[in-house]
Structures are given as structure tokens and as C-alpha cells.
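Visitor: Chain by chain, the residues run as shown.
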Amino acid sequence: MSGTHTGNPVAARVRRLEERLVAAGQVTDAELDAVLTSVLDGASPLNGARIVARAWSDAGFRERLLADANAALPEVGLSMAGGLQEQRLKVVANTPERHNVLVCTLCSCYPVALLGPSPSWYKSEAYRSRVVREPRAVLAEFGLDIPDGREITVWDSSAESRYMVLPQRPPGTEELTEDRLAELVTREGLIGTAAL
Amino acid sequence: MSDPAAARFAAGDPVRTRAFDPDWHTRLPAYARGRTGRIVEVTGSWPVADDVARRHERPRVEPVYTVAFAARDLWGEGDHEVTLDLWQSYLEPAEEHLS
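In order, the protein sequences belong to chains Z and U.
Heads up, the final residue of the first sequence is numbered 208 in the working numbering, and it's a clean run with no missing numbers.
Heads up, the final residue of the second sequence is numbered 104 in the working numbering, and it's a clean run with no missing numbers.
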């Protein structure tokens, strides 16, 4: 990708690799930019929030979303086909009995199109190594206390599927429109490190 | 790519992950090697990441399963569960003695 880069060592390594590929005639800077633009264009947690708001408002959509998210996304004008290949999406619903939280212990797999670029802590070794082993303690550090009776599932993205959490609809929101409901949902809620 | 392998497992089946430590890239995390879990669902068939990373011209294409592991079977403690998406060749049938 052309343009400015941070002093981050990984960014510097990526840029050196890009320069070698460009010098070898394998790719141009413009082509790299086009790929990144198409992947990141519109990628935002607002997409995930819209999906959640529709699922809270429409029981039929919720059922279709949980059964086959890729087939349901076009109903809200979204898809997982923005990258080099369409990724499988699995949406996992929080309930009074079960809380879900996402991680990628091997690297940092993440549904970028629906949640935007991932937060730096999601890529940190501390989060990746600890949340699979002691999720209750890690979630408590995020300020999210899971009651003892509520079970926790940690979804470790290790292959071609990407995951998104469907938070529980908060009480007292019956009168809210879909747009207002979407405003309640945060990126952390879609990862499972916050209730909403 | 070769034709997809036939699905060997179904939802609910107990499976054990292979306890291998290959020299090459694999998507079976070290913490889940040689462990027993249960098939949640088949996610589809995909080229085996190990073959793709080694630039095999015809990577094996295998079913990928979501497998749920009890934390105590992974770490010896904990009351949660961890799910992983694993290629079929990472798995073998397990006896019915899951915790």
C-alpha cells in the first residue's frame, strides 16, 4: 500500500515485502491499494450493529441469521464477499444461560467487513493466550462480570469461518426503532467482551 | 485442488485430535493436540491449510468441523468450553468417555 506508514515494526516489514513484490513486477502499488480499498470500504462495526438491531426486531431474521448467516446478510444489504473469497460467517447468540466470546489464538482472524479493523488488544498475545484458558477472569478485566450460573463458550477462529456475537437485547427497549437499537451496540459487544 | 473428502463425522460424535507436532504450518493449535472433544457441526469443505502453506499443487480438500472441548479436558480446570474449526485429518474417532 502506498502512502504513509507508522513506525510500527510490522508495518515496516510489510512495506519492505510490498516493495520487493512491486520491484519484481508481481504487483503494483495501485493494485495493492485497490484490494485494500475493496476490503475496507464500508467495513465498520456499524454493520454488525445493524445486523443485531434487525435480529432483535425481527424473530424470523434472527432465526435465519443463526441458521445461515451468509444467506441472511443480504436482507440487510450486507455480505461476506468483499475480500478475495467469500468467508463463512457464524453468528452466536448470547442467552441468559450462555455467553459467547471470540478470539483467534493462532493469529488474529476477525470479521473485518462487519466489525471494522480489529482492536489492538484483540491481536495481543495476552488476550489470545488468556481468554481460552480463563475467560471469566479476562471478561471481568473488561468490566463484564458473567454470573457463575451462565456458561461461557470461547470461539477460537482457526480455519475459514469468522464469528460474530449476537448480544442479548436489553430490557426496556421495546419502543426503540431499529436505528436507535443499533446505536446501543458496540464493537466489544460483537466480540463478546461487553454485554452490548 | 482435489475433490473433497467424504465427511467422516457427524454432529455429536466424540473425536480426538491428533497429537502431532509437524515441522510445517498447521491450524491445530498446540493446546488442543491429543485432546477429546465433540463435533458441533460441519462448516463446509476447504483446502487443508497445511497443504496450502506448503504450496502443494493439489491440496487435499476436507470437511472442516466445529469441535467443542470442555475446558477441563484442555487445561485440567475451568467450567467453560472452547470451540475450534478443525480439518478432518486432524481428527480421529474417540471412545465415549468425555467429561
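Keep in mind the hints are simulated off the structure, nothing from the lab.
Be aware that a few hints might be false.
Claimed, not checked - Residues from chain Z that face chain U, not an exhaustive set, calculated with beta carbons under 8 Å:
| id | residue |
| --- | --- |
| 1 | Val51 |
| 2 | Glu98 |
| 3 | Arg100 |
| 4 | Thr117 |
Glycine included, C-beta positions come from ideal geometry on N, C-alpha and C.
Visitor: For each hint, tell me whether it holds in the structure or not.
Guide: Hints versus structure:
Here the hint on Val51 of chain Z is broken, as its CB sits about 20 Å from the closest CB of chain U, past 8 Å. Taking 8 Å as the C-beta cut-off, the interface hint given for Glu98 of chain Z is violated, the closest approach to chain U being about 11 Å. For Arg100 of chain Z, the interface hint holds, the least distance from its beta-carbon to any beta-carbon of chain U being 6 Å, beneath 8 Å. Interface hint at Thr117 of chain Z: satisfied, since its Cβ lies 5 Å from the closest Cβ of chain U, which is below the 8 Å cut-off.
Comparing the model with each earlier hint shows violations of hints 1 and 2; every other hint is respected.
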